[in-house]
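*Asks:* Residues per chain, in single letters:
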Amino acid sequence: MLKEDLKVWLERISKLSLIRISSEEEEIILNDMKKIIEFFNTINSLDLSNVEPLFMVLKDEPVVRDDEVGESLSVDEVLKNVKEVEGGFIKGPKTA
Amino acid sequence: MSNLDIKIGLEVHTQITSLKTKLFCSCPSDYRGKPPNTNVCPVCLGLPGALPVVNIEAIRAALMVALALKCEISDVLVFTRKHYFYPDLPKNYQISQYDGPGSIPIAKNGYIVIGVDGGLKKVRIRRINIEEDPGKIVYPTGSLLTSKYTLIDYNRSGIALLEIVSEPDLRSPKEARAFIDKLRSILEHLGLVNTELEGALRVDANISLAGGSRVEIKNISSAKDVERALTYEIIRQSKALETGEKVRRETRHWDAIRKVTVPLRVKEFEEDYRYFPDPDLPPVKISLKLIEEIYQKLPELPDQRIERFIKTYGLSDYLATVLVSEKVLADYFEECVKYCGNPEIIGNIVVNDFKRWVDEMDIEVSKAVKILTPNQLCQLVYMLNNNIINIKILKEIIPKVLKYNKDVNTIVYEENYIDISNEEVLMRIIDEVIKENPKAVKDALINPKAVNYLVGQVMKKTRGRANPELTNKLIIKKLKELSGTP
Ligand SMILES: [Zn+2]
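If you read the protein sequences in the order shown, they are chains A and B.
Here the first sequence stands for residues 77 to 172, numbered as in the numbering used here.
Here the second sequence stands for residues 309 to 794, numbered as in the numbering used here.
Hints are computed from structural coordinates only; laboratory data are not their basis.
Warning: the hint list may mix true and false statements.
Said to hold, decoys possible - Subject to a maximum C-alpha distance of 30 angstroms in a straight line, what follows is the list of computed DSSO-like cross-link-like pairs (lysine-lysine):
hint, chain 1, residue 1, chain 2, residue 2
1, B, K700, A, K156
2, B, K390, A, K110
3, B, K743, B, K714
4, A, K135, B, K416
5, B, K747, B, K700
6, B, K444, A, K167
Said to hold, decoys possible - So the derived label-pair ranges between C-beta atoms look like this:
hint, chain 1, residue 1, chain 2, residue 2, range
7, B, E380, A, E137, 21 to 29 angstroms
8, B, L609, A, I95, 34 to 42 angstroms
9, A, E162, B, R340, 17 to 25 angstroms
10, B, E550, A, E128, 50 to 58 angstroms
Even for Gly, the Cβ is constructed at its ideal location relative to N, Cα and C.
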């Protein structure tokens with residue numbers, strides 16, 4: 077991927093994730109991404125047609141929990157970091 | 309517009325209400341009626357560092373539904389992050405499932421059989437996802453459109469949901485309703501969902517007409533409203549197409565109060581949820597042994613139950629289907645029959661009178677069966693079979709019991725509902741009616757159909773208590789006497 081394409085990609089991804097990126101940060105991220113893509117290009121040069129893709133390793137013992145009720149937080153703790161509260165509800169932005 | 313030009317697909321979100329806790333944390337699942345933000349923990353609030361762990365019973369529930377809907381089941385359970393920003397979503401992503409690289413839904417490619425115009429139709433299921441419910445938004449003005457801000461309660465955040473998606477195989481609003489009714493009955497029979505709970509079952513519908521575009525309708529909360537919202541959209545879209553207007557590809561919101569769909573604000577750019585497998589949740593192997601074990605324990609499902617009702621009780625296909633469309637109704641029918649037999653009479657009363665009035669009065673079936681209990685209904689059937697009341701009176705009593713929550717016997721005796729089958733008593737009333745209606749008598753002497761009017765007058769005088777067959781017979785006899793023919 078060319079650096080110009082990467083710039084378009086970064087703009088899109090920062091917009092999607094609502095993260096503002098400064099020009100210095102942009103430089104760092106673009107350089108990192110270039111390295112990452114080069115790394116994947118190396119993998120791509122191998123013949124992997126007979127290898128099943130692996131995304132995650134399956135554990136022998138599943139990490140699950142029983143359906144048993146535990147402790148919830150007190151409402152004071154829940155609302156500790158909240159800017160605006162109205163009648164126990166957390167105030168949020170308009171949605172439409 | 310012919311039905312063939314309409315394509316409807318449904319996305320049903322159902323909470324697994326049988327669970328005691330949420331999907332990824334041990335907060336209680338009974339969030340309803342609690343003060344806001346009192347049923348939460350670091351996991352379902354999405355606090356940094358909190359780690360989700362999946363509820364094993366949620367997996368079992370999903371597998372039960374997958375088997376009941378004849379799906380192919382994945383050999384591994386993978387959770388995927390779906391990213392979007394909305395105030396009800398504390399982590400800014402929803403833990404869900406996805407069909408794509410590294411991800412797979414728990415189940416795919418199933419079907420549901422629905423009854424359509426006397427025939428059967430297979431509606432394909434595209435996939436089933438296990439996912440978490442977001443929190444609940446309260447709009448200060450009561451409406452999403454006019455509120456200047458939102459109020460958020462995270463008590464519902466993290467409740468286990470199943471998202472069941474159909475292929476666009478449905479061709480009319482009526483079929484869409486039949487699909488939801490059938491799915492609801494299956495979920496009830498599996499013992500997983502109490503669909504009477506507010507918000508337990510929510511539907512998004514997509515609909516396209518030939519020559520138009522795909523329109524999605526969000527926020528529909530009942531099968532009845534799915535039918536209404538789709539009917540509204542068909543009219544709106546066909547009007548637009550007729551006048552050459554373009555039907556935009558868009559998402560609309562169902563306003564259940566005004567009974568219209570309204571467009572939602574157009575998004576600035578195309579939806580991109582940036583799906584990727586959730587690194588906090590290691591995949592869980594789904595073994596054949598587990599699937600086999602769950603399959604063995606599946607309870608009787610609606611289709612099997614309908615068949616049994618027809619075979620065992622001699623019910624018509626129609627009666628059996630209506631009864632089984634709601635598990636509570638079918639259970640009620642069987643309890644009554646266990647109590648006093650008479651399956652055909654009871655089947656008819658439950659479907660044509662009980663259910664009809666319950667719908668009309670808008671009471672929950674589960675409440676209504678506690679008012680007109682099997683014992684009470686059986687008393688009515690006894691009185692009917694022993695000619696203490698007639699069927700007409702029985703039909704009048706049922707709404708009264710439901711409305712005033714009164715004992716059947718009290719109503720029958722206090723309101724003097726006992727059937728008049730005493731010939732002497734009836735003849736006295738008939739003589740009165742004949743004296744008062746000379747013209748009708750003249751008509752009846754020429755035209756036998758006019759006898760009905762005289763029967764009606766007798767019924768009126770007795771407030772419906774006169775035995776209709778006997779009255780009819782006695783009037784004809786009396787008329788013959790009057791005309792002098794033997
Ligand atoms: Zn929690």
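*Asks:* Compare the structure with each hint and give your call.
*Replies:* Evaluated hints:
1. With a CA separation close to 65 angstroms, the supplied pair B:K700 and A:K156 exceeds the 30 angstroms bound.
2. Restraint check for B:K390 and A:K110: the C-alpha separation of about 26 angstroms stays at or below 30 angstroms, so the hint holds.
3. Restraint check for B:K743 and B:K714: the C-alpha separation of about 39 angstroms exceeds 30 angstroms, so the hint is violated.
4. For the proposed pair A:K135 and B:K416, the alpha carbon gap of about 24 angstroms is at most 30 angstroms, so the pair holds.
5. Under the criterion of a C-alpha separation no larger than 30 angstroms, the hint pairing B:K747 with B:K700 is consistent with the structure, at around 27 angstroms.
6. Between the alpha carbons of B:K444 and A:K167 the distance comes to roughly 12 angstroms, so the proposed pair stays at or under 30 angstroms and holds.
7. At roughly 26 angstroms, the beta-carbon separation of B:E380 and A:E137 lies within the given 21 to 29 angstroms, and the hint holds.
8. As the Cβ distance of B:L609 to A:I95 is approximately 49 angstroms, the hint placing it in 34 to 42 angstroms is violated.
9. Checked against the given bound of 17 to 25 angstroms, the beta carbons of A:E162 and B:R340, roughly 21 angstroms apart, stay inside it.
10. Between B:E550 and A:E128 the C-beta distance comes to about 53 angstroms, which sits within the given range of 50 to 58 angstroms.
The structure fails to meet hints 1, 3, 8 from the earlier list, while all remaining hints are met.
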